[in-house]
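Colleague: Read off the chains here:
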Amino acid sequence: MKVFLELFIEFFQIGLFAVGGGPATIPFLMDLPSRHDWYERADVANMLAVSESTPGPIGVNMATYAGYNAAGLSGGIVATLSLVLPSIIVIIIVAKILESFNKNSYVKSAFHTIRPAVTGLIGTAVLGIWETSLFTAEDGSFRFPIFSVVLCAVFYIAMCNKKLKKLHPAFWILCGAVVGIIFRM
Amino acid sequence: MEELITLYTTFFRIGGLTFGGGLTMLPMLKHELVEKKDWVTEDELLDYYAVGQCTPGIIAVNTATFVGYKRKGVIGGIVATLGMISPSLIIISILALFLDQFMSNVWVSHAVNGIKVVVCALMLNTVVTMAKKSIVNALCGSIAVIAFLLALFTPIPTVLIVVIAGIFGIILYKTGGLKV
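Heads up: the protein sequence lines correspond to chains A and B, in order.
Heads up: the first sequence is residues 0 to 184, going by numbering that gives the first Met the number 0.
Heads up: the second sequence is residues 0 to 179, going by numbering that gives the first Met the number 0.
Be aware that one or more of the hints could be misleading.
[Claimed, not checked] Calculated cross-link-like contacts (lysine to any residue; reagent style SDA-like; alpha-carbon spacing at most 20 Å):
no. : chain 1 : residue 1 : chain 2 : residue 2
1   : A       : 102       : B       : 166
2   : A       : 95        : B       : 39
3   : A       : 165       : B       : 130
4   : A       : 161       : B       : 132
5   : B       : 29        : B       : 40
6   : A       : 165       : B       : 45
7   : B       : 132       : A       : 158
8   : B       : 131       : A       : 156
9   : A       : 102       : B       : 173
10  : A       : 107       : B       : 136
11  : A       : 165       : B       : 132
12  : B       : 69        : A       : 92
13  : A       : 102       : B       : 172
Hints in this document: simulated from the structure, not taken from any laboratory.
The following block holds chain A by itself, in its conformation from the complex (with noise of 0.2 Å):
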C-alpha cells in the first residue's frame, strides 16, 4: 500500500511540474532512483526507447513503465492517473478563466523564467541518458564506442537538415532499428 501511495505522491509532482510536455518528464524520472529503488537510472534510457516506439503521449507512456516496474499493473495505473491528475484540474480551472490566464502578468513573469529553467534541465537530463545510452558498458565501466557515436552524431544532423525536419520521430526510431540489427549493435 505504501508503495501506491509513494507513487501518488512522485507521480502528481512530476504531472504538476513538469511545464513543457513529455520531455519535461525525463529529468524528474532521472531524479527518482536517488529516493527509491523502483528502478535504475540506467533503465530510463531503456524506457524512453521504449516509449518513443510505442504510439501515445511520451510523458504517459514513461509514468505507466515507471509504475509498472515499482508495483505491477496497479502501479503502472497509479502511476499514470497521479501524472495526469494535476494536468486535469489544472486545465479545468484555467478553462474557466482563459483569456485572463493569458494576459495575468504574474503568470506570463513566472513561465518566462521558468521555461529556460526547464530547457537547462533536460539538458543535464540528456547529458544522463547519453552517459548511459553511449559511455556506460555493460559492467558499468566509462566506454567510448566510436561507431555509436558517430551514428548519433550522422543521425542528428540529418535531423537538422531542412528537408529531413518534417520527417515523423518514428521515421528515425525504425531507421535506429534497421542501422541496429544489420550492424548487431
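Guided by the hints, dock chain B onto chain A, whose structure is given.
Modeller: Here is chain B on its own, set in the frame of chain A:
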C-alpha cells in the same frame, strides 16, 4: 452519455495511433477534432495547444482535458483524458509483462541498441528546439545555464529548481526588472 462515449473513443484512437506526443500529435488532433468531428475550430485548437504548453503536464493530455471540458464540462474533461491515456496503459503494460523475454531476444536487443542511439540524437534535437524557443534573451540564457549546472552538480530536487525559477520571474516583474 452517448457523447461521453464518443469523446472516450475519439481520444482513445488519438492516443493509440500517434507516436511521440507533443507537437507530433497536432496533425492527428486537427484531423480528428477539427475535420472529422467539428468539435473545435483550428484557431481554438492552437489556443489550447499554446496554453497546454505553458501549463504543467503532458501537452497531449492537457489538450484532451481542454476539448473534453468544452464539450461536456468536468466529466467530459476527465473522460477525454482517460481515453487519451488508456492505449498507453494497455500497450505499455503488455509490453512490460513480456519485456524481459522480449529483450533477451538477440535481434530485439540489437534493434533496441540502435534505437537508443537515435533517442540520444532525438533528445539533443529536442533540447536545441526548446532552447531556441525559451532562450529569448541573456537573462533566459543565464537561467538555463544555472538550472543546468544546479541539476548537474548539486542534489537540489528538480521540483525546487522549477519553483525557484518561477518565483524569481515574479520577483523580477515586481521590482521592474522584467517586462512581459
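Colleague: Against each hint, give a clear statement of whether it holds in the structure.
Modeller: Okay, the hints, checked on the actual structure:
no.	hint	result
1	A:102 to B:166	holds, 18 Å
2	A:95 to B:39	holds, 17 Å
3	A:165 to B:130	holds, 19 Å
4	A:161 to B:132	holds, 18 Å
5	B:29 to B:40	holds, 9 Å
6	A:165 to B:45	holds, 19 Å
7	B:132 to A:158	holds, 18 Å
8	B:131 to A:156	holds, 17 Å
9	A:102 to B:173	holds, 16 Å
10	A:107 to B:136	holds, 15 Å
11	A:165 to B:132	holds, 17 Å
12	B:69 to A:92	holds, 12 Å
13	A:102 to B:172	holds, 14 Å
In this structure, none of the earlier numbered hints is contradicted; all agree with it.
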